[in-house]
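Peer 1: In the order they appear, the protein sequences are chains Y and U.
Under my numbering, residues 3 to 278 are what the first sequence spells out, in order.
Under my numbering, residues 3 to 278 are what the second sequence spells out, in order.
None of these hints come from the bench; they were simulated from the model.
It is possible that some hints are incorrect.
Said to hold, decoys possible - Straight-line C-alpha distance at most 20 Å; calculated EDC-like pairs for lysine to aspartate or glutamate:
#	chain 1	residue 1	chain 2	residue 2
1	U	K245	Y	D191
2	Y	K122	Y	D68
3	Y	K156	Y	D118
4	Y	K245	U	D248
5	U	K242	Y	E274
6	U	K13	Y	E274
7	Y	K13	U	D191
What the hints assert, rightly or not - Chain Y side only, calculated, beta carbon under 7 Å to chain U, not exhaustive:
#	residue
8	R66
9	D68
10	F131
11	A140
12	K187
13	G197
14	E201
15	V250
16	L265
17	L268
We put the CB at the ideal spot given by N, CA and C, even for glycine.
2 protein chains.
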Amino acid sequence: MTYCVAFLLEKGLVFCSDSRTNAGVDYISSYSKLHVFQPADDRLFVIMAAGNLGTTQAVLNRIRRDIDRHHEAATEQADMKPAADGPSCSSAGATQGASGAPPTLLTSRYLFEAADYIGKLSVDVQRQFNTSLREAGATGEASFILGGQIAGEKHGLYLIYPQGNAVMATAETPFLQIGESKYGKPPLDYIGHRGLSLEDAARLCLVSQIITRRSNLTVGPPFEIALVPANELRVSRRVKLEKESDEVNRSMEVWTRTMREGLQRLPRFAWEQDPL
Amino acid sequence: MTYCVAFLLEKGLVFCSDSRTNAGVDYISSYSKLHVFQPADDRLFVIMAAGNLGTTQAVLNRIRRDIDRHHEAATEQADMKPAADGPSCSSAGATQGASGAPPTLLTSRYLFEAADYIGKLSVDVQRQFNTSLREAGATGEASFILGGQIAGEKHGLYLIYPQGNAVMATAETPFLQIGESKYGKPPLDYIGHRGLSLEDAARLCLVSQIITRRSNLTVGPPFEIALVPANELRVSRRVKLEKESDEVNRSMEVWTRTMREGLQRLPRFAWEQDPL
Chain Y
3 MTYCVAFLLE
13 KGLVFCSDSR
23 TNAGVDYISS
33 YSKLHVFQPA
43 DDRLFVIMAA
53 GNLGTTQAVL
63 NRIRRDIDRH
73 HEAATEQADM
83 KPAADGPSCS
93 SAGATQGASG
103 APPTLLTSRY
113 LFEAADYIGK
123 LSVDVQRQFN
133 TSLREAGATG
143 EASFILGGQI
153 AGEKHGLYLI
163 YPQGNAVMAT
173 AETPFLQIGE
183 SKYGKPPLDY
193 IGHRGLSLED
203 AARLCLVSQI
213 ITRRSNLTVG
223 PPFEIALVPA
233 NELRVSRRVK
243 LEKESDEVNR
253 SMEVWTRTMR
263 EGLQRLPRFA
273 WEQDPL
Chain U
3 MTYCVAFLLE
13 KGLVFCSDSR
23 TNAGVDYISS
33 YSKLHVFQPA
43 DDRLFVIMAA
53 GNLGTTQAVL
63 NRIRRDIDRH
73 HEAATEQADM
83 KPAADGPSCS
93 SAGATQGASG
103 APPTLLTSRY
113 LFEAADYIGK
123 LSVDVQRQFN
133 TSLREAGATG
143 EASFILGGQI
153 AGEKHGLYLI
163 YPQGNAVMAT
173 AETPFLQIGE
183 SKYGKPPLDY
193 IGHRGLSLED
203 AARLCLVSQI
213 ITRRSNLTVG
223 PPFEIALVPA
233 NELRVSRRVK
243 LEKESDEVNR
253 SMEVWTRTMR
263 EGLQRLPRFA
273 WEQDPL
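Here chain Y stands alone, though its shape is the one from the complex (with noise of 0.2 Å):
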């Protein structure tokens, strides 16, 4: 199982995922589930996956060659274009799609049409798998959160579904979560909220990750932590944090002393007021 949840904050974005997959209950490994794409000054993206492991790799490594293909396609115009013709039009970083094609990761306009092409990419495929994996009785299944900012719009956040559609976090809203996650919900729910900074939203979401983990073990760390400032398409911190690290005990320790003096703060029961 995994965990990934992430902020839309008016300063920006915060993502924060756990590392722990399992296949069964025998094979547990740890793998990255956040990642990072630039492919160009003006635009940056940070994908968080959940589901079929299989899966979830498929579509990163057709998100990377689509890249590379436009990049390749774009050097070889280049060099087979006259210096005589004029200023070339693949010199902007993110270059639209000059035949019409579906745009990508480089060629997207809004973030929208990118959580489409992940979308995409997700259906197609678990289409390519599906029956083998239903009749072994699993699933190929995968989500996404899907972050960042393309230059000229506005930072925003998705959770790309299953099946290929998406919802966009909101103002009401402001944070998505994939994989396991109802355990960490609950502090998101309460004390979440836009108007956070970036790291009391990464501390949150490392909260969120910590009481996931201690209710179930198929969460796991390293937890992996990504800043995203508005407007300025960078990440401008990204942390790892092992199991044993300082981070994550004091948070632990922390969170349990603030529910155990929680606790005693709660109301009485009338009968306890009674002095007899």
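Using the hints, position chain U against chain Y.
Peer 2: Frame of chain Y, contents of chain U only:
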């Protein structure tokens, strides 16, 4: 959906349930899910139920019928028996099934026998309706929490699965949950232990309910709580907390404030300590 949670404490048992029942999204109503049975003075049982409402109600009705039948049979036997025959063997609260019939709540010698009995009733009811339910794409599955005490035995707590088998709470795992159990589990995992007072455990269960309700609207008030002190064979306190009750509102406020303060106490990231 439903959420029920119960604690096995050194000092007794605590039960807490929500009251939301829904069939589809448009038939939402409120049913009590916490049921107290004291078929004889030497035994007390509390049963909470989650799952198909038809199954859980049918099981509870059969439990009551079996107790009634046993009482009726005992009365008839007593009426028919000449006084000269000596002391009646049916005068004890816990009458053993004389015919070697499987134990009911009235005749169980051990709590696990009562759990087996409920499991069997549940499986029987499910068998009766499963074919037609499955045709309609539904399931008759139900889970139960059974807690209580039979004189001469320690108090105990069981979770009865839809398949009829049961697990019991232990010192290491002092709480059991049925229904929508994930959202509310982390506080139980972190600060729940068998040394809690009945009231503290009840407060913790209430918080677990409240945060579940915040994240999943299919779980809802009124919340019912019952306290059963060890070796007293009675429910010492029973409360029903409505949505707008002071206890619910204040618990929610306290927990929100607790988490907000907790967030501020979490360790800073390395770069935040940097004076630059």
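Peer 1: If a hint holds in the structure, say so; if it doesn't, say that too.
Peer 2: Here's how the hints hold up against the structure:
no.	hint	result
1	K245(U) / D191(Y)	holds, 18 Å
2	K122(Y) / D68(Y)	holds, 13 Å
3	K156(Y) / D118(Y)	holds, 17 Å
4	K245(Y) / D248(U)	violated, 41 Å
5	K242(U) / E274(Y)	holds, 16 Å
6	K13(U) / E274(Y)	holds, 16 Å
7	K13(Y) / D191(U)	violated, 34 Å
8	R66	violated, 29 Å
9	D68	violated, 34 Å
10	F131	violated, 27 Å
11	A140	violated, 22 Å
12	K187	holds, 5 Å
13	G197	violated, 13 Å
14	E201	holds, 6 Å
15	V250	violated, 9 Å
16	L265	holds, 6 Å
17	L268	holds, 4 Å
Taken one by one, the earlier hints fail for this structure at numbers 4, 7, 8, 9, 10, 11, 13, 15, listed in ascending order.
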